[in-house]
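Order-wise, the sequence lines are chains R and U. Mind the numbering: the first sequence is residues 1 to 267 in our numbering, read in order. Mind the numbering: the second sequence is residues 1 to 267 in our numbering, read in order.
Chain copies aren't distinguished; within one or between two, either way the pair holds.
Simulated pairs of lysine to any residue, SDA-like, Cα-Cα distance not exceeding 25 Å: (1) Lys12 to Pro202; (2) Lys12 to Thr84; (3) Lys12 to Pro204; (4) Lys12 to Ala244; (5) Lys12 to Glu205; (6) Lys12 to Trp247.
Everything labelled a hint here was simulated from the structure, so no lab data went into it.
Protein chains: 2
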Amino acid sequence: MNRFSLNQATTKYWPIPELVAGCVDAGVTQVGLWREETRDYGVEKTAALVREAGLAVTSLCRGGFFHTPDWYDENRRAIDEAATLGAPVLVLVSGGLPPGSRDLDAARARVTESIGALVPYALAAGVRLAIEPLHPMFCSDRCVVASLGQALDLAAPHPVEAVGVVVDTYHVWWDDQVWAQIERAGRERRIACFQVADWVTPLPEGVLLGRGLPGEGCVELRRFREAVDATGFTGPIEVEVFHADVWARPGREVLDATLAGYRTHVL
Amino acid sequence: MNRFSLNQATTKYWPIPELVAGCVDAGVTQVGLWREETRDYGVEKTAALVREAGLAVTSLCRGGFFHTPDWYDENRRAIDEAATLGAPVLVLVSGGLPPGSRDLDAARARVTESIGALVPYALAAGVRLAIEPLHPMFCSDRCVVASLGQALDLAAPHPVEAVGVVVDTYHVWWDDQVWAQIERAGRERRIACFQVADWVTPLPEGVLLGRGLPGEGCVELRRFREAVDATGFTGPIEVEVFHADVWARPGREVLDATLAGYRTHVL
Numbered sequence: 001m002n003r004f005s006l007n008q009a010t011t012k013y014w015p016i017p018e019l020v021a022g023c024v025d026a027g028v029t030q031v032g033l034w035r036e037e038t039r040d041y042g043v044e045k046t047a048a049l050v051r052e053a054g055l056a057v058t059s060l061c062r063g064g065f066f067h068t069p070d071w072y073d074e075n076r077r078a079i080d081e082a083a084t085l086g087a088p089v090l091v092l093v094s095g096g097l098p099p100g101s102r103d104l105d106a107a108r109a110r111v112t113e114s115i116g117a118l119v120p121y122a123l124a125a126g127v128r129l130a131i132e133p134l135h136p137m138f139c140s141d142r143c144v145v146a147s148l149g150q151a152l153d154l155a156a157p158h159p160v161e162a163v164g165v166v167v168d169t170y171h172v173w174w175d176d177q178v179w180a181q182i183e184r185a186g187r188e189r190r191i192a193c194f195q196v197a198d199w200v201t202p203l204p205e206g207v208l209l210g211r212g213l214p215g216e217g218c219v220e221l222r223r224f225r226e227a228v229d230a231t232g233f234t235g236p237i238e239v240e241v242f243h244a245d246v247w248a249r250p251g252r253e254v255l256d257a258t259l260a261g262y263r264t265h266v267l
Numbered sequence: 001m002n003r004f005s006l007n008q009a010t011t012k013y014w015p016i017p018e019l020v021a022g023c024v025d026a027g028v029t030q031v032g033l034w035r036e037e038t039r040d041y042g043v044e045k046t047a048a049l050v051r052e053a054g055l056a057v058t059s060l061c062r063g064g065f066f067h068t069p070d071w072y073d074e075n076r077r078a079i080d081e082a083a084t085l086g087a088p089v090l091v092l093v094s095g096g097l098p099p100g101s102r103d104l105d106a107a108r109a110r111v112t113e114s115i116g117a118l119v120p121y122a123l124a125a126g127v128r129l130a131i132e133p134l135h136p137m138f139c140s141d142r143c144v145v146a147s148l149g150q151a152l153d154l155a156a157p158h159p160v161e162a163v164g165v166v167v168d169t170y171h172v173w174w175d176d177q178v179w180a181q182i183e184r185a186g187r188e189r190r191i192a193c194f195q196v197a198d199w200v201t202p203l204p205e206g207v208l209l210g211r212g213l214p215g216e217g218c219v220e221l222r223r224f225r226e227a228v229d230a231t232g233f234t235g236p237i238e239v240e241v242f243h244a245d246v247w248a249r250p251g252r253e254v255l256d257a258t259l260a261g262y263r264t265h266v267l
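Extracted from the complex, chain R is given alone in its bound form (with noise of 0.2 Å):
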């Protein structure tokens, strides 16, 4: 249980405060947070606050959206937060096509030069950039990086301790390359955060908020699991699941089945 994180995005409406105190009660030692959340509450007043309870930060979501006019002062403010926070990851999604768009290309050389343009800074402030590739559904309005090996293929050029990746079941399970990619990440040394979520049908609508709890769905959650470890890597698993049921549920109920979803589904 020690490698367990809960996202902050599964108990999206659960005070920070609360959310705090029900990890420490439940045993769980790691959070992952969330930008509007977290500045909602204060940046500094949520870094005091985890602290002083003595829960680690694995990750701040997120950075990215490259194709917004105010990308570079944003993700650098993205980068602060998470040096305030002590995450050592800044998760980033890439943004999908500028409004009215068709050139696909075009959106993904924005990645890679903005990421170039990021990474001094992010080294200057001790925080790796992760890039996340989401499921492809989401590639024209959110993310233009629908892939693992496209993930791995924009890291490649920087240094491993400024740029990694993410790996999230819920949006590479499908890949029948991911398991040469997994592989990959881990030789390459590239495996930034990796997170959790189940997949389920039907999709809602905008299929943003589909996610299902660990053992909801259909991902060979353990295989993901076993074969990130067998990389090497022994950094900390979130749970991260969007799904407007699970959100209008009680924040230490969602806790504690997600909890027991990774008992027995993950570990």
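Once you've looked at the hints, dock chain U against the given chain R.
Just chain U, lined up with the frame of chain R:
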């Protein structure tokens, strides 16, 4: 315009006699048909109608669904129907995971075996099996073949006249490997069917009925057509769009809109 083919799914509720007359009236010379509709109207009757109207049938959708108990008999019936209709190609959608299963490898192995079992029957009937990779968002419930590369790997052991692949822009547009895989598909003489639909968001609940007519979305359709052409492919270009709003419109109106989109965004 002589390569354009109206896939019946685009005008799902247009009765077959009206569809045939509408195509003739619009100067359309080719149609892609669907099993459900042709069986409802009568396969022999449909065959006679399209033949008398001088229409060519470019494909029949669909066989596959290898996770169902009666897949073998059902797919032989589909091959027979394709032969009766004069369709040179039977599109195969592999099917997803069996209910309750998480064993994606086993489901994929089953697809390999099933296609192998059907090859002699398809060869004897003179019908080419076309493996269609669907978008990865359909991987669990509809099609465990999720990329063009994977479809080509599945086709590789079989004679080219027996097994090819479908290139459908809707399903493969997001893939950073797609241009290389289209080139490979041509080199290996595997392009059996080329279908066009556009990608639009937000996706509807269940994600099946969310496609756009050519030009309504963000796919570089002309680039795909040119890439497929560059392999030496000179076959039909089917427009196949599933969308509840499109289906609610009169067939002829949809055909005209499809032709307009095709001229502007595909040719």
